[in-house]
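Number of protein chains: 2
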Amino acid sequence: MGGVIRIEDPADPRLDDVRNLNHSDNRPDLPGGKGLVIAEGPLVVGRLFASRFPVRALVGFPAKLESFLAEPANRAAVGETPVYAVDRATLAEVAGFDMHRGLLAAAERVEETPVAEILESARTVVVLEGVGDHENIGSLFRNAAGMGVDALLFGNGCADPLYRRVVRVSMGHVLRTPFAHFGGTYTTWQRELEELRAAGFRLVSLTPDASAAHLADALVDAAGRPWDKIALLVGGEGPGLTEHAMRATDIRARIPMAPDTDSLNVATSAAIAFYERQRSLR
Amino acid sequence: MGGVIRIEDPADPRLDDVRNLNHSDNRPDLPGGKGLVIAEGPLVVGRLFASRFPVRALVGFPAKLESFLAEPANRAAVGETPVYAVDRATLAEVAGFDMHRGLLAAAERVEETPVAEILESARTVVVLEGVGDHENIGSLFRNAAGMGVDALLFGNGCADPLYRRVVRVSMGHVLRTPFAHFGGTYTTWQRELEELRAAGFRLVSLTPDASAAHLADALVDAAGRPWDKIALLVGGEGPGLTEHAMRATDIRARIPMAPDTDSLNVATSAAIAFYERQRSLR
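Heads up: the sequence lines are chains A and B, in that order. Each residue of the first sequence is one higher than the one before, starting from 1 at the first, in my numbering. Each residue of the second sequence is one higher than the one before, starting from 283 at the first, in my numbering.
By construction, these hints were calculated from the structure, which means they are not laboratory data. Among these hints, one or two may not hold up.
Stated by the list, open to error - Simulated coverage check for chain A against chain B, where a stretch passes if three residues somewhere in it have a Cβ under 8 Å from a Cβ of chain B: (1) 142-149; (2) 235-246; (3) 270-281.
Claimed, not checked - Just a few of them, taken from the derived set where beta-carbon distance is under 10 Å, the chain B residues facing chain A: (4) 312; (5) 424; (6) 425; (7) 427; (8) 428; (9) 429; (10) 453; (11) 455; (12) 537; (13) 539; (14) 545; (15) 546; (16) 556; (17) 561; (18) 564.
What the hints assert, rightly or not - Here are the computed distance ranges between Cβ atoms for each label pair: (19) 532/B to 222/A: 33 to 41 Å; (20) 186/A to 544/B: 32 to 40 Å; (21) 220/A to 544/B: 22 to 30 Å; (22) 336/B to 195/A: 52 to 60 Å; (23) 325/B to 98/A: 30 to 38 Å; (24) 258/A to 308/B: 50 to 58 Å; (25) 442/B to 87/A: 41 to 49 Å; (26) 521/B to 114/A: 38 to 46 Å; (27) 200/A to 499/B: 25 to 33 Å; (28) 526/B to 160/A: 38 to 46 Å.
This one's a predicted model, so the numbers in the text were calculated from it and none came from an experiment. Glycine included, every Cβ here is placed at the ideal spot set by N, Cα and C.
Produce the entire structure from the sequences given, and follow the hints as far as they go.
In C-alpha cells form, the structure reads like this:
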C-alpha cells in the first residue's frame, strides 16, 4: 500500500469526499446527483473494502488508521487507496460534526444488478414498498443478511439504501447483500411483481389485518411443504402496504398481535417472517 | 376538568416538572433521585393518563391541548390535573430543546409490583440482564406488549425502564405492561431466578451459540407440547447473557443465523422468541 498522508488544512480538496456528511446524499456534481457510499468505523469500513464498491479514500485519526492497518487483511484490501490522517478537530470541521469513531471511507456507487439477474439464484427475497425511514431500511438489511434472505427488492416510495445512515445501521450488510430497484416499466409499480411470479416466486404480503392467514400457514402449501421460492412484501410504518400491492400477491399473512397494541416495527415484522421462512425450510 | 392555564414566563415554577428534560432522569429532589415519568405526544400521553402513574401536569401548545382535550375520553381522564398552555419558544426554553410534538405530561413514579405477585398470573415473561440501551428496552416493551408477553423482569445491569426515551420508544407500553426488578436478596442476582423455577417456569436463555437448541425445540417438551410457563432470558448487545445466567436456566436456545453475519439486535431476537412462544401455544 501507499503511505499515510497527513492533512492539517480542513479546506484541503483531498478531503472533499468526506465533506459535509450531514448533506452528503445530495451531490449534484456526481452521476445521478446522489452521494458517495460512506462507511464509518472499522467493521463497516472493512466491509466496504471487501465490497463491489470502489473505495476512493480512507480517512481517520492517526491512531484509528494505525490500528485498522495493523490487520494484514485490511492492509491488503486498502492497497493503493489514498489514506489520509487527520486530527479530531480537523475531521469535525470537514465532516460537519464530531465524528468520534475517527475512521471512515468513501466509495463510488456502482450500477445495480438487474432484478432478473438477482432472481436467477434467489429463493427468498423481500420486497419493500413505501419504506422511507433510513433506520428501518438499515435494520431490514441487517436482519435479512442474518437470516439468509438472498436479496432486497425496492418498489415505490423507499429511501435510498446507500444513504450513510442506512450503511451504518445495517452494519455494512447493505454493501454485501444484493439489492435492486424494479425497472419502472409499468405505470403502477405493482405490475413489476409479475416478474417475481414468472420466476416461480410465491408472493406473500405482511399485514396486521386480523383476517389474514397466520404467517406460519402462509409460507407452506396445503400439504405443509414450504414453497420453493418466497417473496415477502412489507410496507412502511403507518400506512403499511398499498391495497394495490397486496392484491398483486398470492396471500396475505399476519403475525398474531395482542388486542389493543400497536403493530410491530417493519424491520421487526420482517425479521419474524425471515425466521419463519428459515424455520419452514429446516 | 379545571381550566387551561396560560403560562408565558419560562421561569414559572409550575413548569418545573418538564424542565431540562435532557437531564430529567437525575432528580435528587425526588424520592430515589430518579425523574418523573414523562410522556410525549397524544398517544403516549393518553396512555399515561390511563396508567397507574398519577399525572401531575399536562403541558402543551394551545392547539395541541385543544385537539387532545376535544376527545371526551381524554377530557375525563385529565379530570382535575393542572393543564398548562405554553407557546413553542417557551416550551423549548423550559424543556431545553425544541419539543415539536407540543404535548407532554409528567407523572409520579409508583412502587413496583413485587416479582412474586406478577408471577401469580403470568405464563410468559422475559428476563433482561445487562440491557443498558434505552432504545432496546423501549422496543422490548413494545414487542412484548404486541405479542402477549405478560411481564418484563429486570436482572442486573439494565437501564431504567421509566426513562423518558424508553417511554417514547415503547409507545407507552412501559406504562401498561407489568415489570419488576428482582429483589436483590442474593449476592449474585442469578440466584433470584430460582423464584421463577419455584413458580413453575421453564427457563430459556437466548444465545447466538450455534451449539444451542433451535428456538422452536426449546419452547416445547420432548413430546412437542408447549411448556405451560416460559421465562425467556435475554442479554445486552455485545456481551449477551452472562455464563452465570445461562447456567441458571433449563436450556439454551438459538435463532439460526447465516454464516459470517452479526447477531440480531436484542429486541429483534426477543420479538422472534415471543412470536415462537405464541406460535407454540396456538
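Requested in this report: Under 10 Å, Cβ to Cβ, is where residue 428/B needs to be relative to chain A, so tell me if that hint holds or is violated.
Outcome: The hint holds - residue 428/B has a Cβ within 10 Å of chain A, the shortest such distance being about 4 Å.
**Report entry** Verdict on chain B covering the segment 235-246 of chain A, where coverage means 3 or more residues with a C-beta closer than 8 Å
**Finding:** violated (count 0)
Query raised in the report: Going by Cβ atoms only, is residue 455/B closer than 10 Å to chain A?
Result: Holds, because the Cβ-Cβ distance from residue 455/B to chain A comes to roughly 7 Å (cut-off 10 Å).
Query raised in the report: Is the interface hint for residue 537/B satisfied, with its Cβ closer than 10 Å to some Cβ of chain A?
Result: holds (6 Å)
Query raised in the report: CB of residue 442/B to CB of residue 87/A, is that within 41 to 49 Å?
Result: violated (36 Å)
Query raised in the report: Do the numbers back the hint for residue 546/B, that is, is its least Cβ distance to chain A under 10 Å?
Result: holds (6 Å)
**Report entry** Proximity test - 8 Å, beta-carbon atoms, the segment 142-149 of chain A to chain B, at least three hits
**Finding:** holds (count 6)
Query raised in the report: Taking 33 to 41 Å as the hint, is the beta-carbon distance of residue 532/B and residue 222/A inside that range?
Result: holds (36 Å)
**Report entry** Evaluation of the interface hint that places residue 564/B against chain A, nearest CB under 10 Å
**Finding:** It holds, given that the least Cβ distance between residue 564/B and chain A is near 7 Å, below 10 Å.
Query raised in the report: Can the hint on residue 427/B be confirmed by a CB-to-CB distance to chain A that is less than 10 Å?
Result: Since the shortest Cβ distance to chain A is 5 Å, the answer is holds.
Report task. Just tell me: holds or violated, for the beta carbon distance of residue 336/B and residue 195/A against 52 to 60 Å? Result -> holds (58 Å)
Query raised in the report: For the hint on residue 453/B, does the least C-beta distance to chain A fall short of 10 Å?
Result: This hint holds: residue 453/B lies near chain A, its Cβ roughly 5 Å from the closest one there, short of 10 Å.
Consistency with the previously given hints fails for numbers 2, 4, 24, 25, ordered from lowest to highest.
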